[in-house]
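Numbering (our numbering), first residue to last: 255 to 515.
Bear in mind the hints are in silico, worked out from the structure with no lab data behind them.
Incorrect hints may have been included.
As the list claims (entries may be wrong) - Across the chosen pairs, the derived CB separations fall in these ranges:
id, residue 1, residue 2, range
1, Lys504, Ser382, 40 to 48 Å
2, Ile471, Ser420, 32 to 40 Å
3, Asp365, Glu277, 28 to 36 Å
4, Asn393, Ser309, 48 to 56 Å
5, Phe416, Ile500, 23 to 31 Å
6, Ile471, Thr269, 39 to 47 Å
7, Lys475, His451, 20 to 28 Å
8, Pro478, Val258, 52 to 60 Å
9, His401, Thr498, 30 to 38 Å
10, Ser420, Ala499, 29 to 37 Å
11, Asp400, Ile350, 37 to 45 Å
12, Ile471, Lys504, 53 to 61 Å
13, Pro306, Thr415, 21 to 29 Å
Treat the numbers as computed from the prediction; the structure is a model and nothing was measured.
Idealized CB from N, CA, C, for every residue including glycine.
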Amino acid sequence: LACVAELLSEIDVVTALADLAVERGYCCPVVADSQQFRIVNGRHPVIESVLPPGSFVPNDVEFSDTQRILILTGPNMSGKSTYLRQIGLIVIMAQIGSYIPADSAEIGLVDRVFTRVGALDNLARGQSTFLVEMVETANILNNATDHSLVLLDEVGRGTSTFDGLSVAWAVVEHLNDTAKPRTVFATHYHELTGLAHLYPCVHNFQVAVKRWQDQVIFLHKIVPGGCDDSYGIEVARLAGVPRTAIARAKQILKLLESGKF
């Protein structure tokens, strides 16, 4: 009976994946034992399912011998974390034999998917958010290989600006100098875009935004280049922060930028 139950469960999984692929227009990925990695118009399988049909904005990702680390900048709410997660999910789906949410894909085998996404503390063990973040980052730096996929989101944000920036910069350098895993590093530290000028395997990408009158429109599209503005005040306005506080924040920002504060 146990053997029959196991076989039935495998059939159930395979038929469910096949039904999903037909229903949502998934493609058959090419999975090979190589370093090739290219996903064309990839989509997040979960978020796409809860949005109106055709409204999810797809994005490409490509790694090569000369493009191993992608520094991703852009404002909050623009889609950086979604982009990281969809890459990880697509790779896992491809390697379990499933069709994937993309137009096409060629994915070199990945030995492990390492992620450092989201903020989490461990109060029971007396560990702060930053300590947990560093423990997970240390695991990545000590174990990633050139066949690994590393997805890092805002590493260094749990401490002071200069400390956080220094740690983030050092993490990227270590990944570049050692195993050179395929890496996407999402960050608000715009200074990290300077790494692309120092290391040929590091490339800058950003989430496109459009200014219209006094508003910022998030296009959710990944394009080459670095972003030099986090649009934090605009995001606060969208979240419903009172107008008086928004106006005061703009005044303080001008003072800080001019060095008069």
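Results for each hint:
{"no.": "1", "hint": "Lys504 with Ser382: 40 to 48 Å", "result": "32 Å, violated"}
{"no.": "2", "hint": "Ile471 with Ser420: 32 to 40 Å", "result": "34 Å, holds"}
{"no.": "3", "hint": "Asp365 with Glu277: 28 to 36 Å", "result": "31 Å, holds"}
{"no.": "4", "hint": "Asn393 with Ser309: 48 to 56 Å", "result": "37 Å, violated"}
{"no.": "5", "hint": "Phe416 with Ile500: 23 to 31 Å", "result": "27 Å, holds"}
{"no.": "6", "hint": "Ile471 with Thr269: 39 to 47 Å", "result": "41 Å, holds"}
{"no.": "7", "hint": "Lys475 with His451: 20 to 28 Å", "result": "24 Å, holds"}
{"no.": "8", "hint": "Pro478 with Val258: 52 to 60 Å", "result": "53 Å, holds"}
{"no.": "9", "hint": "His401 with Thr498: 30 to 38 Å", "result": "53 Å, violated"}
{"no.": "10", "hint": "Ser420 with Ala499: 29 to 37 Å", "result": "31 Å, holds"}
{"no.": "11", "hint": "Asp400 with Ile350: 37 to 45 Å", "result": "22 Å, violated"}
{"no.": "12", "hint": "Ile471 with Lys504: 53 to 61 Å", "result": "19 Å, violated"}
{"no.": "13", "hint": "Pro306 with Thr415: 21 to 29 Å", "result": "39 Å, violated"}
Violated hints, listed in ascending order, are 1, 4, 9, 11, 12, 13; each of the other numbered hints is respected by the structure.
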